[in-house]
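Novice: Modelling step: build the complete structure from the supplied sequences, incorporating the hints.
4 protein chains.
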Amino acid sequence: MNIAIIGATGYSGVELLRFLQHHPHVERCHLYSSSQDGMALSQSFPHTGENRGNVLRKMAIEQIAAANDVVFFATPPGVSSELSPLLIEKGIKVIDLSGDFRLKDGTVYEKWYKRPAAEHSYLQKAVYGLSEWNRTEIRKAQLLANPGCYPTATLLGLAPLVQNGLIEEQSIIVDAKSGVSGAGRKASLNTHFSEINENVKIYKVNEHQHIPEIEQMLKLWNEHIQPITFSTHLIPMTRGIMATIYAQAKVELSLETLLDLYKTSYETAHFVRVRNSGQFPATKEVYGSNYCDIGIAYDERTGRITVVSVIDNLVKGAAGQAVQNFNVMMGWNESEGLKVAPIYP
Amino acid sequence: MNIAIIGATGYSGVELLRFLQHHPHVERCHLYSSSQDGMALSQSFPHTGENRGNVLRKMAIEQIAAANDVVFFATPPGVSSELSPLLIEKGIKVIDLSGDFRLKDGTVYEKWYKRPAAEHSYLQKAVYGLSEWNRTEIRKAQLLANPGCYPTATLLGLAPLVQNGLIEEQSIIVDAKSGVSGAGRKASLNTHFSEINENVKIYKVNEHQHIPEIEQMLKLWNEHIQPITFSTHLIPMTRGIMATIYAQAKVELSLETLLDLYKTSYETAHFVRVRNSGQFPATKEVYGSNYCDIGIAYDERTGRITVVSVIDNLVKGAAGQAVQNFNVMMGWNESEGLKVAPIYP
Amino acid sequence: MNIAIIGATGYSGVELLRFLQHHPHVERCHLYSSSQDGMALSQSFPHTGENRGNVLRKMAIEQIAAANDVVFFATPPGVSSELSPLLIEKGIKVIDLSGDFRLKDGTVYEKWYKRPAAEHSYLQKAVYGLSEWNRTEIRKAQLLANPGCYPTATLLGLAPLVQNGLIEEQSIIVDAKSGVSGAGRKASLNTHFSEINENVKIYKVNEHQHIPEIEQMLKLWNEHIQPITFSTHLIPMTRGIMATIYAQAKVELSLETLLDLYKTSYETAHFVRVRNSGQFPATKEVYGSNYCDIGIAYDERTGRITVVSVIDNLVKGAAGQAVQNFNVMMGWNESEGLKVAPIYP
Amino acid sequence: MNIAIIGATGYSGVELLRFLQHHPHVERCHLYSSSQDGMALSQSFPHTGENRGNVLRKMAIEQIAAANDVVFFATPPGVSSELSPLLIEKGIKVIDLSGDFRLKDGTVYEKWYKRPAAEHSYLQKAVYGLSEWNRTEIRKAQLLANPGCYPTATLLGLAPLVQNGLIEEQSIIVDAKSGVSGAGRKASLNTHFSEINENVKIYKVNEHQHIPEIEQMLKLWNEHIQPITFSTHLIPMTRGIMATIYAQAKVELSLETLLDLYKTSYETAHFVRVRNSGQFPATKEVYGSNYCDIGIAYDERTGRITVVSVIDNLVKGAAGQAVQNFNVMMGWNESEGLKVAPIYP
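Taken in order, these protein sequences are the chains called Z, C, B and U.
Reading the first sequence from the start, the letters are residues 1 to 345 in UniProt numbering.
Reading the second sequence from the start, the letters are residues 1 to 345 in UniProt numbering.
Reading the third sequence from the start, the letters are residues 1 to 345 in UniProt numbering.
Reading the fourth sequence from the start, the letters are residues 1 to 345 in UniProt numbering.
Check the hints yourself; a few may be wrong.
Since copy identity is lost for identical chains, a pair holds within one copy or between any two.
[Claimed, not checked] Under the rule of at most 25 Å between Cα atoms (straight-line distance), these lysine-lysine pairs were calculated in the PhoX-like manner:
1) Lys204 to Lys263
2) Lys114 to Lys90
3) Lys219 to Lys125
Read the hints as simulated data drawn from the structure, not as lab findings.
Specialist: Okay, structure coming up:
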């Protein structure tokens with residue numbers, strides 16, 4: 001099988017290549033770029049090696065469709081919504097890492113993204129690829145909307161509580177911390193080393209476009225869920241997201257009950273690891289890997305539950321989960337091509 | 001006036017020296033250490049200069065009392081509670097940067113600190129030195145309990161809301177992020193570079209000893225306040241604390257109302273700077289200085305208020321606020337010795 | 001006295017303000033910017049405070065000359081070479097932090113900077129402001145060329161060896177490591193956090209424009225000095241330069257002789273601190289301060305001398321040394337406005 | 001085949017596990033620890049997963065020999081020199097990542113390491129495992145001394161120049177920069193986050209124990225090589241070594257000649273990648289992988305060659321090269337178990 005990576009000169013694109021070039025069912029990875037036609041990938045990313053023959057091809061739909069079975073989009077907003085329909089019409093499967101197809105309601109998209117939404121019919125066609133909770137639909141997907149980095153960490157952390165109606169519906173607060181690679185490779189003052197190093201910043205307060213994505217899924221799980229508070233902070237590190245999630249328990253609980261619930265919920269989930277009592281994951285413990293590690297606390301003084309969920313934003317939060325969804329779509333083992341341990345320290 | 005710094009080989013101690021050595025009303029700074037009698041400070045801290053004559057003296061109470069007017073303790077738990085009474089009996093004023101005298105109730109201290117509390121009468125005698133809100137008492141203090149780093153950022157962020165009864169009393173959640181210098185200079189696996197760099201950790205979940213300190217003050221301001229949720233995260237940076245504070249508004253509010261309230265509340269507070277609408281402070285914007293910068297958001301979707309409060313944990317969170325309290329105690333201008341701009345970038 | 005800072009929205013500009021706003025002989029600091037006429041400095045740099053009244057003025061030569069006694073340029077290449085002559089004609093003194101006037105030979109400038117040189121007569125008029133070694137000339141300067149960051153660390157480290165003819169003239173190798181703030185505030189892939197964090201890069205190998213600046217001064221001290229090897233590395237930190245300097249001793253020496261020489265050479269230099277035998281400075285030990293700290297080793301196995309010289313690139317390597325030169329030019333104490341201890345940790 | 005990792009709770013040990021647990025020819029990895037008998041590895045390293053059954057076993061030589069075919073030592077000095085002979089007598093192959101067997105001359109070891117050397121006969125028996133240049137001997141080795149991190153980067157960078165007699169024999173200067181993980185996992189002030197972050201330090205000036213290791217190999221290649229100057233700097237990052245190597249060309253050369261020489265020298269070396277003209281590697285470009293990337297410059301002004309050689313100190317500088325040597329010893333493909341791309345960014 002041949003696959004295409006569109007947007008190979010971004011961080012998610014080059015991470016896709018890291019996993020797919022050794023994937024046992026992938027014969028060839030073709031790389032496409034809108035601007036660097038004919039250049040070697042190693043000119044943008046010397047770490048990929050000068051002699052690997054990774055050449056960037058021109059983004060011509062006909063040729064992409066002719067040469068590939070599955071196309072991954074790791075592109076800025078608006079690219080995939082335009083090109084995916086053309087590929088799908090030709091029978092190509094599309095896995096979109098951008099946010100173009102994640103929201104079912106185009107008006108919600110336009111409100112939060114402040115740009116035109118994709119075509120309505122394709123928004124409905126798209127399957128939301130939160131691998132652990134949507135496997136049945138993902139298996140049948142032709143257009144897969146790969147979740148955002150923050151929603152992945154948050155939703156995996158909240159799923160057991162929300163699905164089982166254990167928390168007050170208006171009580172969810174998510175305080176998320178992210179490494180800087182989530183902002184991509186485009187240089188800006190906000191990602192300038194001297195501004196970010198030795199610094200913590202909050203950004204897009206109450207305005208992050210991942211809020212409706214999270215709420216959409218929560219409401220599918222439990223229609224009573226109310227709007228959430230979701231804050232995002234930039235941390236002086238490259239990779240990693242920690243979502244610290246707070247919610248009020250509806251009734252008095254015990255930590256043991258909660259841990260049992262989480263361990264059962266994720267029993268068959270290869271990439272979700274629930275920590276034991278009193279243990280909480282750090283972002284570095286999933287570095288470079290597709291794991292989502294989760295720790296839970298219950299405070300008897302306040303009746304509040306704290307869930308700590310960590311991922312590598314470029315792996316489980318982007319390229320890794322995309323490959324996981326690719327595996328599910330193809331009926332392969334979910335961990336094909338993803339059997340890498342976290343790099344520590 | 002001569003002052004003593006006990007615990008001069010720790011980070012807070014050496015920061016005290018940075019401010020006090022140029023303080024216009026301080027003639028001499030005497031440094032004391034329990035173990036390094038006769039050694040130069042520059043052996044521990046070469047940045048202080050080999051030729052400055054900063055010699056570490058032996059910790060002998062009689063001599064300390066004879067040579068100094070005010071004594072600063074920047075020591076591990078248990079040192080100040082033992083030595084301060086001896087100094088106070090001799091008429092010396094004490095400013096304690098440790099947590100020994102912050103909690104009025106010894107049993108609460110013993111529960112959270114898991115060690116014996118200071119003598120009851122001294123706990124009552126001690127004045128809690130949150131400079132901006134306790135000036136009247138601080139002026140008369142002989143034993144000053146300098147606030148913890150997290151409580152300083154949190155209490156300055158919450159004061160206007162709590163004092164004015166604007167928020168649901170059981171709704172306070174504080175998600176705090178701290179640089180590593182708060183853990184002091186003692187080497188441990190938790191402060192080992194390779195473990196902390198490119199990493200975010202949560203620690204002491206629901207168990208941090210600063211929780212009762214915060215709650216004690218909140219309840220003094222508003223007796224209806226319920227137990228809070230307070231989480232602490234270690235960030236891969238040396239200095240800085242950001243407290244992201246969430247609380248539910250009792251009635252519908254506007255951001256303008258909130259900003260007005262904060263700007264009025266801190267109108268005469270030299271070291272508290274309230275950001276304008278839509279602006280939020282980053283920790284680096286107070287680096288090395290005694291400022292506490294505050295930004296506020298109100299989310300109409302949820303009726304929730306978000307307050308972002310940042311300090312340099314070693315300055316406003318320790319040595320700087322101690323000097324500020326020293327100034328208040330002596331009747332001087334609050335900013336004497338503290339007129340340093342943040343270092344940026 | 002009133003002073004002007006041209007280029008106040010860059011890192012060196014805002015550092016100049018940090019030192020000059022508390023300078024005992026400066027009444028007013030006027031800030032100028034080519035593009036942000038009328039805006040508050042706090043919009044670019046919130047750490048400076050919203051209520052300080054630091055407004056950016058338009059860069060109009062007449063008004064600048066009318067309102068100021070001394071003008072500091074902290075501007076990109078080419079600005080000062082154009083504007084300084086106009087100011088000097090009006091009797092204003094100019095301190096230029098850019099590289100426009102550092103090289104006496106315009107053809108050398110054009111070769112290394114790859115842009116047109118300043119006017120010949122002004123190149124000759126300009127005084128090179130390596131404060132410790134050029135005081136006599138600096139006192140009389142009307143146009144002061146403030147040294148580059150790398151040359152400052154390197155020349156202070158080499159001066160005693162070169163002036164006294166102790167080393168083989170063709171043997172000098174300087175391996176320099178710098179924090180990222182030296183690249184300024186303009187965003188680029190080379191200063192993008194995710195590219196720089198957890199990384200070391202070498203750049204401009206054998207091509208750095210500071211090479212001729214260093215060689216020009218070395219040859220003034222000792223005409224036999226041959227071309228040097230000078231390498232620059234980008235380190236994942238914001239501030240600090242370490243120059244590790246290697247040179248072959250002409251005759252067998254002892255470490256004691258070398259330390260004596262350095263201590264004597266810098267006996268009256270307030271801002272140069274020579275470490276004792278076996279001690280070497282780290283960049284953090286001068287953080288935020290105007291010090292240059294130096295350590296020396298002599299290897300009997302090879303007859304090679306190693307000198308380690310560290311500065312804060314934005315202070316002694318830019319704004320701090322500019323203020324030091326300002327003090328010398330005005331006949332004041334060299335440390336006025338610069339009495340800040342390094343911030344540690 | 002079963003293998004043993006002794007010292008599995010250190011950084012090199014856990015990196016060995018990362019590579020060996022997926023190695024196609026390894027059936028079982030047994031982990032041994034001197035102190036944590038019976039404990040799960042996940043208690044020390046949560047990133048390895050709680051459910052992997054990685055249990056730490058007691059260090060009993062009989063059982064180790066009975067259960068394993070090859071034993072890897074990733075231990076502090078002195079452990080391997082004591083235990084390896086016992087294993088070798090039983091026919092077990094040993095790969096030692098410590099420095100115990102790297103130097104042929106015990107007196108040299110004792111001078112630089114300041115501790116007793118291993119037994120003379122075993123020092124002679126040990127094969128130095130610089131994979132690229134010692135394959136023939138490594139194939140026959142029963143006791144393999146895996147090179148140090150600094151020597152690996154330095155020797156791979158110098159080999160073509162030294163073997164071909166292109167440089168002045170007394171002119172070699174190596175300025176090396178290392179991430180902090182090279183210091184291991186033991187907490188100390190020198191690896192304390194607040195001391196290392198935003199800092200560069202030089203250490204062990206002219207005294208590093210890797211100096212004789214480098215010189216021993218250089219002299220085997222070219223008996224005329226004189227003592228070298230070798231400096232080591234601690235950089236605020238976790239992984240990565242850059243060796244910037246300076247040497248004087250014997251005759252005038254061209255960059256093309258040098259690049260040809262290096263590309264030819266490493267034509268069949270899977271893990272050495274020579275950059276093209278004008279390109280230099282950064283440490284992040286080999287992060288987590290077994291590559292050594294090399295860039296070369298020639299300065300016509302000075303006749304000096306600069307070689308830049310980068311590795312991941314825990315991979316090519318420790319565990320990765322050990323696995324590479326394991327492959328060579330067993331007659332397998334050199335890259336088995338090591339086919340991981342660098343993680344970028």
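Novice: When Cα atoms must be at most 25 Å apart, do Lys114 and Lys90 count as within-copy, between-copy, both, or neither?
Specialist: The answer is neither: 30 Å in one copy and 53 Å across copies each exceed 25 Å.
Novice: 25 Å Cα cut-off: does Lys219 pair with Lys125 within a copy, between copies, both or neither?
Specialist: Result: close within a single copy only, 19 Å intra versus 54 Å inter.
Novice: Checking an output row: Lys204 and Lys263, CA cutoff 25 Å. Within, between, both or neither?
Specialist: This pair counts as between: shortest inter-copy Cα distance 22 Å, intra-copy 34 Å.
Violated hints amount to a single one, hint 2; each of the other numbered hints is respected by the structure.
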